[in-house]
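Position one of the sequence shown corresponds to residue 654 (our numbering), numbered consecutively onward.
Among the hints, erroneous ones may be present.
List time: in silico DSBU-like cross-link candidates among lysine-lysine, alpha-carbon distance up to 30 Å [said to hold, decoys possible]: (1) K1064 with K910; (2) K1202 with K1150; (3) K1064 with K1144; (4) K1144 with K1230.
Everything labelled a hint here was simulated from the structure, so no lab data went into it.
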Amino acid sequence: EGNNIDCCSWDGVQCNENTGHVIKLDLSSSCLQGSINSSSSLFKLVHLEWLDLAFNDFDGSEIPPEIINLSSLSYLNLSSAAFSGQIPSEILELSKLGYLDLSHNSYYDPVELRKPSLGNLVDKLTNLKELVLGDVTISSPIPHNLTYLSSLTTLSLSGCDLRGRIPSSLGNITRLIHLDLSFNKLSDELPTFIGTLGSLKELDLLQNNLSGELPNSISNLASLEQVDLSLNRFLGKLPASFGNLRSLRTLDVYECKFSATSNTTSHRFRDVSLCSCDLTEIPKFLKNQHHLELLDLASNKINGKVPKWLLDPSMQNFGHLNLSHNFLTGFDQHPVVLPWISNNSLTGEIPSWICNLSNRLESLDLSYNNLSGLLPQCLGNFSDWLSILDLQHNKFSGTIPDNLLKGNILKVIDLSDNLLQGRIPRSLANCSNLEFLDLGDNQIRDIFPSWLGTLPDLNVLILKSNKFHGLIREPKTDCGFPKLRIIDLSKNRFTGKLPSMAFQCWNAMKVVNASELRYMQEVIPFNKGNGIYDYSLTMSNKGQMMSYKKIPNILTAVILSSNRFDGEIPTSISNLKGLQILSLADNSLHGHIPSCLGNLTDLESLDLSNNRFSGQIPQQLVELTFLEFFNVSDNHFTGPIPQGKQFATFDKTSFDGNSGLCGRPLSSECEISEAPTNEDQIEDSEESLLSGVSDWKIILIGYAGGLIVGVVLGLNFSTRILEWFMEKFGTQSKRRRSRRRGCRN
């Protein structure tokens, strides 16, 4: 301000028209990086009244104490700006502040308000009207002196590690409009004085330890529009007094312990979430809710048919109905909107009214019911916009209709665990966006559908437990499947040699996946909102069937067990360096285990049991330091069992049925001449190490030698994810508040 440069015309700058002093500086979302220097010219703007630095990256630096120079500030927003450390006491000297937002700064280390404390802040900044401290670490009870903030309209203390009771002094802040105490450790009952907050429009107590019954005084909150009491331990019934809240639009009480719901009379609900509340019937207060847009009743114990009054055609805005994970048997009337109704007790054929739905059907999930009969041809009518088709775990029979798969929008097809027969329709090749195909556990009789390799985005292919047969022929040119990460062909009748060329072409399995951990899922849009569909599967891993309710994008698996494959393991399989699960059990494979399997350094589960393998178990497998499950039982192996590292964790069942093996954990000791110290094994070991020296994991793990044994023993898939996450982010993880809208399971 002390030179001739006119900055008043700059973006984000506002000056006093009379004096020319800068009074407002809005640099939010300006891609600012690095720390703010204590000598910054910012702190010379002594007439500044408004400062907004939100949504920048100040690299974990502390809020500069020089902010005390800006004594005229009435508005200060430093939210989501990657600050960390203790909030400086100098902020408490900004006595003119009416708005203070320091929320969501925990990308590096969290921002803390301990010395000074929240109580100290309240003592000093008595002019505050809006106080937003979400994700600021306070770690104390809510101070009683909050009553000093008599002008407060917004109080947001979400995720602040608050403890103890909600103090009675809070009831004196009668101008409060927004009160957010979610994601804390507040306990005891919701106090009756909550009813004195007559101006309150939003009450958020999500995920605390609050208990007991809701006070009837809540009926005094005549202005209340949104209330979220979810993930607490409330008991009893929702009070009938909720019916007096004529302004209430959103009611979220999922995963509470309400035994039932009283009759309320409000007809203005817009969003209602009552999932996981132990309800045995659909609450009567939902009658005549003509303005309802979203209703979530998932994961309760509701039985019988869905009543007519819930399916009223006059509900023009009704966009999402979640009834999954209940015991419903059908509908009293055709619904206007197809609900999410998986995991129920529906019987009979797919009703014809589904084919007549007027809305754009983007997801059809009728999984885990008792539906039977043929798949209707009319489902092909939705091929232009249907992205999810999930009919798994029913009793559908017949063949897969060819026109069902004519569209190219489908991303997920799960018809597993039914009674389907015939062949896979070639029209499936039109589904160019397909990422997930599960036809497992049916009675499909066909040869391997190599033509599926033309699908550019196919990640998961499950054909297990069918009647597939014949050779898996080597491709003549491009072998396809560029993004395939999981393939399960187990429990079929495939014959011939393992597909050597395919192991060279499955490119997605060739690299160690070091990308950000995500899960395979699809966003399902509905009227004024979105839902999440999580891809899921069941497959053999580590000697047992494992269900993945969510599929991590880093999971890779080749499961070819329980077929009639013969010949040797091709060395080309060592190209799949990102492979985590390999099962070739229960075949007729023979020959030696190739030592190059030691290059699969991401391998966690290796099952070669019940084949005709012979020779020695390669010493190079000791280098598989993530290996948790190893089974070579019922073969013809001889010689010493490799020792050390992960092999020290395997018990004798991993080696049973090989009379020529010796050494721990078996009781038979090896003769000196059998010790693995001959020149051939040394050369093999050196060759294996050299062939994989460019692989970063061998560099990191191999040189660590025995030192890392104690760390890696017993590692499994879930702990590897945690290890990966902590390595990438450490204690500098960014808290991201997740506001769950519904309980998709």
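Each hint, compared with the structure:
1. K1064 with K910: 37 Å, violated
2. K1202 with K1150: It is violated: about 33 Å lies between the C-alpha atoms, which goes past 30 Å.
3. K1064 with K1144: Since the Cα atoms of K1064 and K1144 sit roughly 25 Å apart, the hinted pair holds (cutoff 30 Å).
4. K1144 with K1230: Given pair K1144, K1230 holds - Cα atoms ~25 Å apart, limit 30 Å.
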